[in-house]
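K.L.:
Residue strings, one per chain:
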Amino acid sequence: MSQDSQKAFDIVSRLKLASKIPDILREMRAAGAYFGYDAFIITNLPAEHEISTQGCALVPAWPEGWRKRYFERDYLRIDPVANHVKRTTEPFLWSEAPYRSDEVAAARVMGEATEFGLSEGFCVPIHHLAGPGGGVSFGARRLDLSEEAKAALHLVSIYAYQRAETLIREGGRTPLRKAPRLTAREIECLRWTAAGKTSWEASEILSTSQRTVEFHLKNAARKLDAVNRVQCVAEAMRQGIIA
Amino acid sequence: MVVVIDDDNISQHGALLEKIYRFRHALFVDRLNWEACRRPDGREIDQFDGPGCIHLAYLEGGEITAYTRLLPTTRPHLLTEVYPHLAQRGPAPRGATVYEWTRCGTLPARREGRTGLIDPATAGIFTAAAEVARARGLDGLLAQTHPILVNRLMSCGWDVEPLGLPTRYSGHAILAVYARLMPDTVASSRAFFGLQASPLHETSLHAPRAPAVRLPVPAERRLHA
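If you read the sequences in order, they're chains G and Z. Under UniProt numbering, the final residue of the first sequence carries the number 243; numbering is consecutive throughout. Under UniProt numbering, the final residue of the second sequence carries the number 225; numbering is consecutive throughout.
Extracted from the complex, chain G is given alone in its bound form:
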């Protein structure tokens, strides 16, 4: 198995565990350093009646100035890459997204993207829900992708889109419960527990008594609504309290 595909499988397994949008952002930026893209966007396309295109974006990690202009001017409606997503289910290079020479707006979007350092790109359409679809798009000054790297990014995009869509949908439906507040000491004890230390070992490291460590862990479990240490660590990780 090649390096690109192994990389893709590793990224996918981490994306599946992403518990918040910043996790996806971090993972996809790290992937960019490997595959050679500088910026990316995970987005749905606007339906005809949609007033604002801003709300369609799931993770708009474009350069700041470009992101601002892109949504202020509703470029998602005229971007030839976005429009090509409506016509295909297969990934494509930005240069393969057709527009006629008289489509001034489309040409303008591509030209302005270049000013923000996004001259070349690759886009993976995702169409599995009713509606105009969406996808993941990667941009760079120069993007040189082998067929293998394209397939790897295709796979990564499927999971990045899915995780982002799920997190945002669930976040919107159930207002985020107020995160339980853990003390610094409780978090420290959890970290060592997550690292495989017994409460005695943790107490040695933290220069305290074993009973104190157990006291902190018990309080952490109560706050996290966990019935034992394993669930407590899992829940703390899921909520991003410990890494």
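No wet-lab data here; the hints were simulated from the structure. Just so it is clear, the structure is predicted and the values come from calculations on it, not from any experiment. Among the clues, some could well be false.
What the hints assert, rightly or not - If you anchor each label on the Cβ, the simulated ranges turn out as follows:
| hint | chain 1 | residue 1 | chain 2 | residue 2 | range |
| --- | --- | --- | --- | --- | --- |
| 1 | G | H49 | Z | G137 | 43 to 53 Å |
| 2 | G | L93 | Z | D8 | 25 to 35 Å |
| 3 | Z | G62 | G | D144 | 51 to 61 Å |
Glycine included, each C-beta is placed from N, C-alpha and C at the ideal position.
Place chain Z on chain G using the hints.
P.N.:
What follows is chain Z alone, placed relative to chain G:
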């Protein structure tokens, strides 16, 4: 309503089986141009239609509007015989609690439009696959599919593990996955499609006569071996 045909009741379903083979030919060969499967008699039957195979047919007014097939992985199946190159990560899960999800399709006239809702036959057959998997105590299903359906499987509550990268097969992207059945896959599938109840015919809800034997080693553990 979905009727499930397996080794136990296949003898009672001769007429429906005949309709199934004709439905498959009309859909996969005549419509989707799977030329390798073309048969002069208009009945699409392959070497995997045999013992252990489970047919799911969605019926409306006695006619099939959607269909899918589950193949036992204890026998040769598509991933071992037809698409072994798709499992680039190494040996795929196999065993008594892993089946392969194949030939999934809906009557072309009933397939969802680009902006329409997913039709009841597609919803029914997708949900029925999860319900049959649960009723038979399966761990998960292998599938070789267009990458688009990977998102749909995940939205339906399957834990989908890629077995390789997407590759191209006669002009389309295709990907092998292992979809692990989760405690809430059936509920999530119903919720995704807006179904209130099981699409299975009531006689299909009971566990099969010979329930699948649990393997000593969970099948998924071998995924990364």
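K.L.:
Give a verdict on every hint.
P.N.:
Verification of the supplied hints:
Evaluation of the 43 to 53 Å hint for H49 (chain G) and G137 (chain Z) yields a pass: the beta carbon distance comes to about 46 Å. Checking the proposed 25 to 35 Å range against L93 (chain G) and D8 (chain Z) shows it is violated: the Cβ atoms sit about 52 Å from each other. Distance hint check for G62 (chain Z) and D144 (chain G): the Cβ-Cβ separation is about 57 Å, which falls inside the suggested range of 51 to 61 Å.
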